[in-house]
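Top line first, the protein sequences correspond to chains R and E.
Okay, so the first sequence: first residue is 1235 according to this note's numbering, each after it adds one.
Okay, so the second sequence: first residue is -6 according to this note's numbering, each after it adds one.
Honestly, the hints are just simulated from the structure, not real lab data.
Please note: incorrect hints may appear among the correct ones.
[Claimed, not checked] Straight-line C-alpha distance at most 30 Å; calculated DSBU-like pairs for lysine-lysine:
(1) R:Lys1336 x R:Lys1304
(2) R:Lys1237 x R:Lys1272
(3) E:Lys6 x R:Lys1336
(4) R:Lys1272 x R:Lys1304
(5) R:Lys1304 x R:Lys1237
(6) R:Lys1304 x E:Lys50
(7) E:Lys50 x E:Lys6
(8) E:Lys50 x R:Lys1237
(9) E:Lys50 x R:Lys1272
(10) E:Lys6 x R:Lys1250
(11) R:Lys1272 x E:Lys6
[As the list claims (entries may be wrong)] Some but not every residue of chain E turned toward chain R, in silico, with C-beta under 8 Å:
(12) Ser24
(13) Leu36
(14) Leu83
Keep in mind that this is a model prediction, so the values were computed, not measured.
For each residue, glycine too, the CB sits at the ideal point set by N, CA and C.
Given next are the chains, with one letter for each unit.
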Amino acid sequence: AQKVTQAQTEISVVEKEDVTLDCVYETRDTTYYLFWYKQPPSGELVFLIRRNSFDEQNEISGRYSWNFQKSTSSFNFTITASQVVDSAVYFCALSGLPNDYKLSFGAGTTVTVRA
Amino acid sequence: KAGVTQTPRYLIKTRGQQVTLSCSPISGHRSVSWYQQTPGQGLQFLFEYFSETQRNKGNFPGRFSGRQFSNSRSEMNVSTLELGDSALYLCASSSQILTSGAYNEQFFGPGTRLTVL
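With these hints in hand, go ahead and build the complete structure from the sequences.
What follows is the structure in structure tokens.
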């Protein structure tokens, strides 16, 4: 069984502060994929980043960066220099084999960025 | 390219009724997945269709069913509605599987918000 845990329920920051979202996962698959999605108030889930289990290289994409540590089963996500438009619910998700399109989501973390 | 579209966007039904939700994937995408989102249970996978075949199914009762047409459009049906079926139903589409082991992102639609009274 796959499980994703986002321990942070809500985070509130002032604009330009960095925000780090925690994600811990459980899976028996040897190959798996990890994702971060953003859900603004409009409701549509927006894909942000994807990482596969055999590539632990951490990257930066614009204001987004992520830290994937297989040893601790964590996949944390950071927004640098937050903006009001970053206010949304952020979901960490896990999927198994390449042809398994079933995403297991965490409970989500609500991020509020105040001007 | 147009995104994933879902109709209707909002729906109000009463207990015992049935409902059909529709999802049109991004052009060229053959995989369609459905998710239910509720405040209590969060986002839960319902089922996934590829080339008109259900490939994967979540842990939902038989009242929840779906199908996919030859043009990849998908519908999901909920029969004998219960109050607990009130939720945002999200549809996601993805392109054909790659053979290299890579993964194709799922693109989500805006959802259909179902309210059961």
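Right, here's what the structure says about each hint:
Taken as a hint, the Lys1336 (chain R) and Lys1304 (chain R) pair is honoured in the structure, with Cα atoms around 21 Å apart against an allowance of 30 Å. A C-alpha spacing of about 19 Å is found between Lys1237 (chain R) and Lys1272 (chain R), which places the hinted pair at or below 30 Å, so the restraint holds. Of the pairs offered as hints, the one joining Lys6 (chain E) and Lys1336 (chain R) holds, with about 28 Å between alpha carbons and a cut-off of 30 Å not exceeded. In summary, the hint linking Lys1272 (chain R) to Lys1304 (chain R) is supported, as the alpha carbons are separated by about 23 Å, within the 30 Å threshold.
The hinted pair formed by Lys1304 (chain R) and Lys1237 (chain R) meets the criterion: a straight-line CA distance of about 15 Å does not exceed 30 Å. Proposed proximity of Lys1304 (chain R) and Lys50 (chain E) is supported: the alpha carbons are some 28 Å apart, at most 30 Å. The suggested pairing of Lys50 (chain E) with Lys6 (chain E) holds, with an alpha-carbon distance near 25 Å, which does not exceed 30 Å. Of the supplied pair hints, the one linking Lys50 (chain E) and Lys1237 (chain R) holds, its CA atoms being roughly 17 Å apart against a limit of 30 Å.
Distance restraint check for Lys50 (chain E) and Lys1272 (chain R): the Cα-Cα separation of roughly 24 Å lies within the 30 Å cut-off, and the hinted pair is therefore satisfied. For the hint pairing Lys6 (chain E) with Lys1250 (chain R), the CA-to-CA distance comes to about 44 Å; that exceeds 30 Å, so the pair is violated. For the proposed pair Lys1272 (chain R) and Lys6 (chain E), the alpha carbon gap of about 29 Å is at most 30 Å, so the pair holds. Taken as an interface hint, Ser24 (chain E) checks out: its beta carbon lies about 6 Å from the nearest beta carbon of chain R, inside 8 Å.
Interface hint at Leu36 (chain E): satisfied, since its Cβ lies 4 Å from the closest Cβ of chain R, which is below the 8 Å cut-off. Satisfaction of the interface hint for Leu83 (chain E) is found here, the shortest Cβ-Cβ separation to chain R being roughly 6 Å, below the 8 Å cut-off.
Figure legend: structure checked against the earlier numbered hints; the only hint not met is number 10.
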